[in-house]
Amino acid sequence: MHDPPATSWRLLRTGLVSPRKTGHFHAKQAKGGSAIVDLWEGLRHAFWLVVTFDAELADIALRSLRVTLTALFIACLIALPLAALLAVRRFRWRRATIAMLNALMGLPPVVVGLIVYIFLSRSGPFGALGLLFTPTAMIIAQVIIIVPLIASIAHQSLRELWAEYHDLLISLNVTQMQKMCTLLWDARRALLTAALAGFGRGIGEVGAIMIVGGNIDNATRVLTTAIALETGKGEFALALALGFVLIALALGVNLLIHWIGQTERDSRW
Amino acid sequence: MKQTLLLAFLAAITAGIAQAADQMRMAVTTSFHNSGLADVLLPEIAKDLDLEVQLLVVGTGQALRLGEAGDVDAILVHSRSAEEAFVADGFGTHRREIMYNDFIIVGPSDDPAGTATAETAAEALQSIAASNAAFVSRGDDSGTHKKELSLWADADLAADTFGEWYRAVGAGMGAALNTASGLNAYILSDRASWLNFGNKGDLAMLFSGDPVLFNQYAYLPVNPELHPHVKTDLVSKLETWLTSDRAQALIDGYTIDGETLFVFNAEPVSN
Numbered sequence: 000m001h002d003p004p005a006t007s008w009r010l011l012r013t014g015l016v017s018p019r020k021t022g023h024f025h026a027k028q029a030k031g032g033s034a035i036v037d038l039w040e041g042l043r044h045a046f047w048l049v050v051t052f053d054a055e056l057a058d059i060a061l062r063s064l065r066v067t068l069t070a071l072f073i074a075c076l077i078a079l080p081l082a083a084l085l086a087v088r089r090f091r092w093r094r095a096t097i098a099m100l101n102a103l104m105g106l107p108p109v110v111v112g113l114i115v116y117i118f119l120s121r122s123g124p125f126g127a128l129g130l131l132f133t134p135t136a137m138i139i140a141q142v143i144i145i146v147p148l149i150a151s152i153a154h155q156s157l158r159e160l161w162a163e164y165h166d167l168l169i170s171l172n173v174t175q176m177q178k179m180c181t182l183l184w185d186a187r188r189a190l191l192t193a194a195l196a197g198f199g200r201g202i203g204e205v206g207a208i209m210i211v212g213g214n215i216d217n218a219t220r221v222l223t224t225a226i227a228l229e230t231g232k233g234e235f236a237l238a239l240a241l242g243f244v245l246i247a248l249a250l251g252v253n254l255l256i257h258w259i260g261q262t263e264r265d266s267r268w
Numbered sequence: 000m001k002q003t004l005l006l007a008f009l010a011a012i013t014a015g016i017a018q019a020a021d022q023m024r025m026a027v028t029t030s031f032h033n034s035g036l037a038d039v040l041l042p043e044i045a046k047d048l049d050l051e052v053q054l055l056v057v058g059t060g061q062a063l064r065l066g067e068a069g070d071v072d073a074i075l076v077h078s079r080s081a082e083e084a085f086v087a088d089g090f091g092t093h094r095r096e097i098m099y100n101d102f103i104i105v106g107p108s109d110d111p112a113g114t115a116t117a118e119t120a121a122e123a124l125q126s127i128a129a130s131n132a133a134f135v136s137r138g139d140d141s142g143t144h145k146k147e148l149s150l151w152a153d154a155d156l157a158a159d160t161f162g163e164w165y166r167a168v169g170a171g172m173g174a175a176l177n178t179a180s181g182l183n184a185y186i187l188s189d190r191a192s193w194l195n196f197g198n199k200g201d202l203a204m205l206f207s208g209d210p211v212l213f214n215q216y217a218y219l220p221v222n223p224e225l226h227p228h229v230k231t232d233l234v235s236k237l238e239t240w241l242t243s244d245r246a247q248a249l250i251d252g253y254t255i256d257g258e259t260l261f262v263f264n265a266e267p268v269s270n
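Chains as they are written, first to last, in numbering that gives the first Met the number 0: chain E, 0 to 268; chain U, 0 to 270.
Quick caveat, the hints were computed from the structure, so don't treat them as lab data.
Don't take each hint at face value.
Have a look at the derived ranges for each label pair, beta carbon to beta carbon [stated by the list, open to error]:
1) U:266 <-> E:42: 36 to 46 Å
2) E:51 <-> U:46: 19 to 29 Å
3) E:43 <-> U:259: 26 to 36 Å
4) E:124 <-> U:169: 27 to 37 Å
5) E:49 <-> U:42: 52 to 62 Å
6) E:251 <-> U:259: 41 to 51 Å
7) E:52 <-> U:258: 28 to 38 Å
8) E:42 <-> U:42: 29 to 39 Å
9) U:164 <-> E:94: 50 to 60 Å
10) U:266 <-> E:113: 31 to 41 Å
11) U:116 <-> E:124: 54 to 64 Å
12) E:168 <-> U:169: 48 to 58 Å
From the derived model, a few chain U residues whose C-beta atoms are all more than 10 Å from chain E [to be verified]:
13) 51
14) 54
15) 60
16) 70
17) 169
18) 171
19) 198
All of these numbers come straight from a predicted model, not from anything done at the bench.
Using N, Cα and C, we set each Cβ at its ideal position, and we do this for glycine too.
Chain U on its own, in the form it takes in the complex (with noise of 0.2 Å):
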């Protein structure tokens, strides 16, 4: 009896060693990993470049950090000064343009700080401001959160000076559309995790459109002269995919309800 069951103890530990041909370990933002794309992207990429990607669903501070530590091989992550710094810094190889999406102010559907009518997305703060509406913020130094406290210095706003209207919750972009859900706040969200989201309660999209508003996604291979177990010939065989026709047709031709959420707009040859 006991003998068998440390048989089976020892399978049962062995079984998780034995895995899949190729492996490579890529760090993603939730708000990619939430619009649904990776379920798309993914089966693709195991069945092309027999290559199983494992995804890591962090912030892009998080994700920033796991590159630099080098327990990734790539990131793919949508804010373009850590980006450009984390390369500068030396952590990355290089920063490669892949696809955009954009940013959406989601509000309580009776919009009380009069959003909609905006004609900025600047305007459209300051009115939110203005009211004392509640709004939730990520919080979580994620790209999100990044875009949103630079869409706040653009409106001539700084963000640790409010009241307690505004509530930065530092979480993921799907729990703070909870939070905002069950406050019935103003939240700024990408168009993918909200068109995705499955509990949006009383809350609608009010404001969107304005081009600060795009989300820029990039990848960026680690550095393998920084950490040498980095598995540079996979990371590139993803980026020639990524940036190819084929993922091209993939990411253009998705849609949420009818609604197209990437742009592809990578340079078909890298510098």
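Next up, chain E with everything else stripped away, as it sits in the complex (with noise of 0.2 Å):
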């Protein structure tokens, strides 16, 4: 499935930018200006990394995109009809859901991993799974992370629409599900934002998944945490390019779908 591991990192090591030669290079620049080397460096190391389509890279990016989006798909399943069901509904622990998922938004995700952690080793509730250490773990820490940000933002955008719709909606004398679905179609818009921000924090995140995930080599090491092994090398090139490769990839993402929304086209805003 993949080249054996570690045979691209190290070509690349000891190939096109040696760690050797760039170690050299921080023992005499180091007094001075060695910031800014160090980004350059980083920027031609990603360059390169992306040119040549270095297969590892290829790899750990790719489980980045698919933990995340995975985390994100399951979140908004979650969060959206959550988030709709605040809105149209009206029950004794309404506010006091909408006030503990604006406070979850902030939640750590350290802790958060701490905690799923925990209940998923084997000497915890859930570690029978034997679901500590996969990818899968990543996930559910993600989901964890991401559905109080999502369903809060959502929450406000379909709050606004439903002040809107109330009227019309409780006159044509509709049900609950249909009140729920109109409004998640017609804020859709401002929906795929709330998705958007969710990713953003999933795709950045280091430390929930660094616990859970435990950085292994070709079974869950994402960009975030390969960029903290290589800056606990000091090899801050490479950990540069990885971050470089992150930001460029996030950027896609969000434009992708901005394109498939079809947001900012003709006269629609």
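Fit chain to chain and form the complex, with the hints in mind.
Structural data, given as structure tokens:
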């Protein structure tokens, strides 16, 4: 399925931009201006990684995308109906739920990671499933992190729309379900923004997936954890290169989704 | 459109489930992984045994915790007393010594504390403490951190009484070296991580060679009686390989900049 582990990184390290050489470089440059050199080196490195279509980079980048997009998909399935329900339905704990969702937007990923870790560990309640250190565990953690964010943003826009639609939908005497579906469909552009915010939080997240994924080469290593690893090795140029690839990926997905959603086109805003 | 998307998602998820032949998980220390030896050994293990060893790179403290919880099949760490306690408490079946490398003292190249002329490691540390030069400690309960604390104890100094010059960063070897490089501080590192480190700055290797700095790595299989899901057959297959002549040739033959990093010292038959 992929190249034997580590070969392409090693080739790259000893070939195109050798770390021995950059290490030497650092030693000479450390006293002044090495940060800028690192940045340039990072850009150059990123360019070569992409141009030569490094197999391991592609593998890691695809895994990043797969984990976060799957988490986003599941999170939307939970968060969007929840947001619509909170908009149209009046129940006792509604305000408390909304306040809670807003507060949970700031949920620290490291803590989520730790809690998911404890639940999935072999000695934890779901240990028998053997999910710890798999992409599935990373998806679970990311879903927990981004559901409150998507639900809160979606609820904001649905609430405004509901204020407009309220009288009309009530007079049409439609069911609760129909109200929710109408709101969700008519607010789809705003919901897209909510989903993109969730994507942004997921793809750049490192604290939780490092803990529950374990950063295993060829299994759970994604772009953010690879960046943390290379920084730990002092390979700033390679870490930066991966960072630029991550930024490009996030931008690419955003543009693609806007293009599919046909926002900012013709007379439509 | 939606259906295609859905199918793509399903395909993406199931693709993650399809895996290689045999797999096991091993927790290893950051210092072992940063040395680059793993990049040499793992492809050979995959070739010889058709076994994919998934490495979890953590500190010794966390590696032992992973073993206790049964989240890995075996661990390869370097902190003898903690390892013996791990086996004594029944979390591991036995402890098998594989190889050793050594620790070194790294510091600012102008060496304000004068460690380079010290006779022993204890003397070198005493001179650092006496000069109040900045010292970065791992502070993460790892094997290297435990070693450092025992060296301070050997030098008749207590690390918890030190002043501001002693910085415990609570991070892995590479991150701690980055901090030392930024602060231009002294640090205890294993030789391999130091040689492989890419951001040396003004730091240089100042002291090495005291036998007390030798660093023994041992392999500990997790006890299958506590954790029945542990892949015992793969674990013992890997142990046989790690103590074989083939592993010896690879371990002894691994050099960086012409320096040998590890010395293989496994006994041929396990007890």
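Residue 70 of chain U: least C-beta distance to chain E exceeds 10 Å?
5 Å, violated
At 10 Å, judged by beta carbons, does residue 51 of chain U keep clear of chain E as stated?
It is violated; residue 51 of chain U is separated from chain E by about 8 Å at its closest Cβ, not greater than 10 Å.
Could you check that no beta carbon of chain E comes within 10 Å of the beta carbon of residue 198 of chain U?
Non-interface label on residue 198 of chain U violated, nearest chain E Cβ at 3 Å vs cutoff 10 Å.
Beta-carbon spacing of residue 42 of chain E to residue 42 of chain U - inside the hinted bounds 29 to 39 Å or not
Holds: the Cβ-Cβ distance is about 30 Å, inside 29 to 39 Å.
For the range 54 to 64 Å, tell me whether the beta carbons of residue 116 of chain U and residue 124 of chain E fit it or not.
58 Å, holds
Should the hint that residue 251 of chain E and residue 259 of chain U are 41 to 51 Å apart at their CB atoms be regarded as holding?
Distance hint for residue 251 of chain E, residue 259 of chain U holds at roughly 46 Å.
Is it true that residue 168 of chain E and residue 169 of chain U lie within 48 to 58 Å of each other by Cβ?
Roughly 56 Å apart at Cβ, these two residues keep to the hinted range, so it holds.
Say whether it holds or is violated: residue 54 of chain U keeps its Cβ farther than 10 Å from all Cβ of chain E.
At roughly 6 Å from the nearest Cβ of chain E, residue 54 of chain U sits no farther out than 10 Å, so the non-interface label is violated.
Please check whether residue 43 of chain E and residue 259 of chain U have a Cβ separation lying inside 26 to 36 Å.
Roughly 33 Å apart at Cβ, these two residues keep to the hinted range, so it holds.
Should the hint that residue 52 of chain E and residue 258 of chain U are 28 to 38 Å apart at their CB atoms be regarded as holding?
35 Å, holds
Residue 42 of chain U and residue 49 of chain E - C-beta distance against the hinted 52 to 62 Å:
25 Å, violated
Beyond 10 Å from every chain E Cβ: check whether that's true for residue 171 of chain U.
5 Å, violated
Checked against the numbered hints above, the structure violates hints 1, 5, 13, 14, 16, 18, 19; every other hint is satisfied.
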